[in-house]
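**Q** The chain contents come next:
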Amino acid sequence: MYSEIIMAGFGGQGVLLIGKLLAYAGMKGGLEVTWMPAYGPEMRGGTCNCTVVLSDRQVGSPISRSPHGAVVLNLQSIDKFEPTIRPGGIMVVNTSLINREAVRKDLIVVPVAANQIALEAGSAKATNMVALGAFLGASGLVDISLVKSTLAETFAGRPKIVQLNHVCLDKGFAIGLTYAAVPAGR
Amino acid sequence: MAKKLMKGCEAIGEAAIQAGCRLFFGYPITPQNEIPEYMSGRLPQVGGTFVQAESEVAASNMLYGAAGAGCRCFTSSSSPGISLMAEAMSYIAASELPVVFVNIMRAGPGLGGILPSQADYRQATKGGGHGDYRLLVLAPSTVQEAADLMMEAFDLADKYRSPVMILGDGLIGQMMEPVEFKRHIEPEDLPSKPWATTGADGRAPNIINSLYLNPEDLEKHNWDLARKFQAMASEVRHEIYLADEKLDVLIVAYGSVARISRTSIDALREKGLKVGLFRPITLYPYPAEALARAVELADRVLVTELNTGQMVDDVRAVVAGRRPVEFFGRVGGMIMSAEELAEHVERIAAVPV
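Quick note, the sequences are listed as chains A and B, same order.
Take the first sequence: its letters are residues 1 to 186, numbered as in the working numbering.
Take the second sequence: its letters are residues 187 to 539, numbered as in the working numbering.
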């Protein structure tokens with residue numbers, strides 16, 4: 001299993017965090033992982049992004065020209081990354097901020113109104129968690145319990161934050177499950 | 187000890203702490219800022235001292251003093267900052283002091299850009315500073331290896347009483363990977379350094395110096411140093427990946443580019459091409475003998491680096507015309523994708539030998 005996933009959005013949406021959570025969960029699940037942030041010209045045009053590689057063997061390149069999956073939280077990110085995803089890959093689309101349909105017909109598109117769901121659950125700041133949950137539900141790449149336990153450890157002294165994030169992960173997960181497919185990657 | 191997910195820069199900092207280092211003198215520059223940031227938080231926790239110097243020149247000379255006083259110490263910088271440290275490197279080598287330098291390479295020359303490069307290979311391996319001296323240069327390819335080599339760097343610096351450099355780049359520095367720290371040593375358990383300036387009460391004073399005005403003395407000193415640098419040959423290290431059989435193409439790469447090469451090789455192997463990797467780990471001393479043996483098994487050699495061609499000169503010297511040696515590089519902070527590198531290998535493999 002070798003899977004390259006891109007998380008993309010604008011700075012402040014927490015895309016780097018959900019990338020780290022995915023990487024942590026993968027590591028806890030016994031996988032080889034890398035997390036690589038974009039910190040240069042790729043950030044021009046408003047997209048903040050990171051690449052996570054999950055593998056059952058040593059990870060080579062931590063960056064990918066053609067990822068197996070993507071979580072895109074804003075319009076600029078879907079514009080930039082939709083063309084790059086491998087055929088059959090999963091693309092989680094935040095429909096709260098992305099007002100167009102996917103152009104590709106050969107992807108598993110998971111639309112989720114992440115901002116709206118997060119707001120209803122208690123805070124739009126957890127938009128990223130809804131999107132991550134949707135990706136986990138659709139891909140089955142990593143057990144959601146590993147992500148939840150990592151969150152709980154990270155925010156150990158703040159049970160309300162943990163609770164909110166878990167709720168948002170679950171809501172996203174439930175949506176993602178309805179699009180569940182063969183796990184992304186070979 | 188459980189593995190932690192850490193940035194390369196942070197892992198390097200933690201490795202220094204685990205190696206008993208309690209002094210860091212540095213200066214900010216992207217993409218290694220996480221090292222001084224990490225040390226500024228960590229050192230007070232273990233009773234150490236963190237100093238942000240007024241410049242890289244100052245930081246590198248503070249190392250001279252700390253090392254002269256017998257303490258494990260290191261600094262980190264990136265390319266332009268390393269250039270500022272060149273004079274101090276020469277003085278430190280000449281005065282036979284153990285110091286670790288970390289270069290998280292960025293694109294140059296000049297102020298350049300903040301993205302990764304390997305454009306300081308020549309600077310690191312051919313001296314950087316003036317005079318007849320060498321740096322022992324270690325090039326990690328993963329965050330775990332960066333941590334391991336960082337710990338070893340202190341041991342090697344002490345063993346040879348000479349500066350050691352960890353040559354990384356912005357990719358290794360910024361990426362996160364699982365890492366565990368396999369060893370731990372407290373400063374009080376480090377071997378003593380009877381040559382250090384720790385206070386001359388009850389013994390003859392020690393002198394740390396690089397000035398030898400008498401040419402006969404300086405001549406002897408230079409040959410003594412040269413023998414020491416030659417003795418470092420026993421530390422030579424490399425790794426191969428699928429390169430122990432007959433190959434269409436042997437890729438020679440180090441650091442980040444080596445790991446990108448592995449992804450290319452896996453894809454090419456699925457297509458039936460016989461490709462392998464030779465990865466130097468010590469860049470000085472260079473694993474020339476091992477490289478020569480690996481080259482014998484290949485029809486062609488491709489050297490790939492994030493520069494306009496630096497290590498390729500050393501590879502050509504080793505190959506000495508026995509095989510065609512091609513070069514593929516990306517520069518300016520652009521990084522080759524595994525696919526792009528694989529396309530290049532396919533093109534080369536298609537040329538009959």
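Think of the hints as simulated: they come from the structure by calculation, not from any bench.
Backbone N, C-alpha and C fix where the C-beta goes; we use that ideal spot for every residue, glycine too.
Treat the hints with care, since some could be wrong.
[Said to hold, decoys possible] With a cut-off of at most 27 Å between alpha-carbon atoms, the simulated DSSO-like pairs for lysine-lysine come out as follows: (1) Lys345/B <-> Lys414/B; (2) Lys160/A <-> Lys80/A; (3) Lys28/A <-> Lys460/B; (4) Lys28/A <-> Lys105/A; (5) Lys312/B <-> Lys189/B; (6) Lys406/B <-> Lys432/B; (7) Lys125/A <-> Lys148/A; (8) Lys312/B <-> Lys432/B; (9) Lys432/B <-> Lys28/A; (10) Lys414/B <-> Lys28/A; (11) Lys432/B <-> Lys414/B; (12) Lys28/A <-> Lys160/A; (13) Lys148/A <-> Lys312/B; (14) Lys406/B <-> Lys460/B; (15) Lys105/A <-> Lys80/A; (16) Lys406/B <-> Lys345/B; (17) Lys414/B <-> Lys148/A; (18) Lys312/B <-> Lys160/A.
[Claimed, not checked] Covered by chain B, according to a simulated footprint, are these stretches of chain A (three or more residues, beta-carbon under 8 Å): (19) 22-31; (20) 52-66.
[What the hints assert, rightly or not] Estimated spans, in silico, between C-beta atoms of each pair: (21) Gly495/B <-> Ala156/A: 21 to 31 Å; (22) Val103/A <-> Arg479/B: 24 to 34 Å; (23) Ser145/A <-> Pro380/B: 31 to 41 Å.
**Q** Hint by hint, note whether the structure agrees.
**A** Going down the list of hints, with the structure as the test:
This hinted pair checks out: Lys345/B and Lys414/B have alpha carbons roughly 11 Å apart, not beyond 27 Å. Between Lys160/A and Lys80/A the CA atoms are separated by roughly 35 Å; this puts the pair beyond 27 Å, and the hint is violated. Distance hint between Lys28/A and Lys460/B is unfulfilled; the C-alpha atoms sit about 35 Å from each other, more than 27 Å. Distance restraint check for Lys28/A and Lys105/A: the Cα-Cα separation of roughly 34 Å exceeds the 27 Å cut-off, and the hinted pair is therefore not satisfied.
For the given pair, Lys312/B sits about 36 Å from Lys189/B by alpha-carbon distance, which is inconsistent with the 27 Å threshold. The straight-line distance between the Cα atoms of Lys406/B and Lys432/B is roughly 47 Å, outside the 27 Å bound, and the hint therefore fails. Under the criterion of a C-alpha separation no larger than 27 Å, the hint pairing Lys125/A with Lys148/A is consistent with the structure, at around 17 Å. At roughly 32 Å between alpha-carbon atoms, Lys312/B and Lys432/B are farther apart than 27 Å, so this suggested pair is violated.
For the proposed pair Lys432/B and Lys28/A, the alpha carbon gap of about 38 Å is over 27 Å, so the pair is violated. A threshold of 27 Å between alpha carbons decides the hint, and for Lys414/B with Lys28/A the separation of about 45 Å lies outside it, so the pair is violated. A hinted pair counts as satisfied when its Cα atoms are at most 27 Å apart, and Lys432/B with Lys414/B does not qualify at roughly 37 Å. Between the alpha carbons of Lys28/A and Lys160/A the distance comes to roughly 24 Å, so the proposed pair stays at or under 27 Å and holds.
Between Lys148/A and Lys312/B, the direct Cα distance comes to roughly 50 Å. Violation of the 27 Å bound is thereby established for this hinted pair. In summary, the hint linking Lys406/B to Lys460/B is not supported, as the alpha carbons are separated by about 50 Å, beyond the 27 Å threshold. For the hint linking Lys105/A to Lys80/A, the alpha-carbon distance of about 16 Å falls within 27 Å, and the restraint holds. Proximity of Lys406/B to Lys345/B is assessed by CA-CA distance (about 21 Å); at most 27 Å being required, the pair is judged to hold.
Annotation: proposed proximity of Lys414/B to Lys148/A is violated, straight-line Cα distance about 54 Å (limit 27 Å). The suggested pairing of Lys312/B with Lys160/A is violated, with an alpha-carbon distance near 57 Å, which exceeds 27 Å. Here's how the segment 22-31 of chain A fares: 3 of its residues keep a CB closer than 8 Å to some CB of chain B, so the rule of at least three is met and the hint holds. As drawn, the segment 52-66 of chain A meets chain B at 9 residues by the rule of a beta-carbon pair under 8 Å; at three or more, the given contact holds.
In this structure the hint that Gly495/B and Ala156/A lie 21 to 31 Å apart at CB is violated, the actual value being about 51 Å. One distance hint, 24 to 34 Å for the beta-carbon pair Val103/A and Arg479/B, is violated here, with the actual separation near 52 Å. Checked against the hint of 31 to 41 Å, the C-beta distance between Ser145/A and Pro380/B comes to roughly 56 Å, which is inconsistent with it.
Checked against the numbered hints above, the structure breaks hints 2, 3, 4, 5, 6, 8, 9, 10, 11, 13, 14, 17, 18, 21, 22 and 23 and satisfies the rest.
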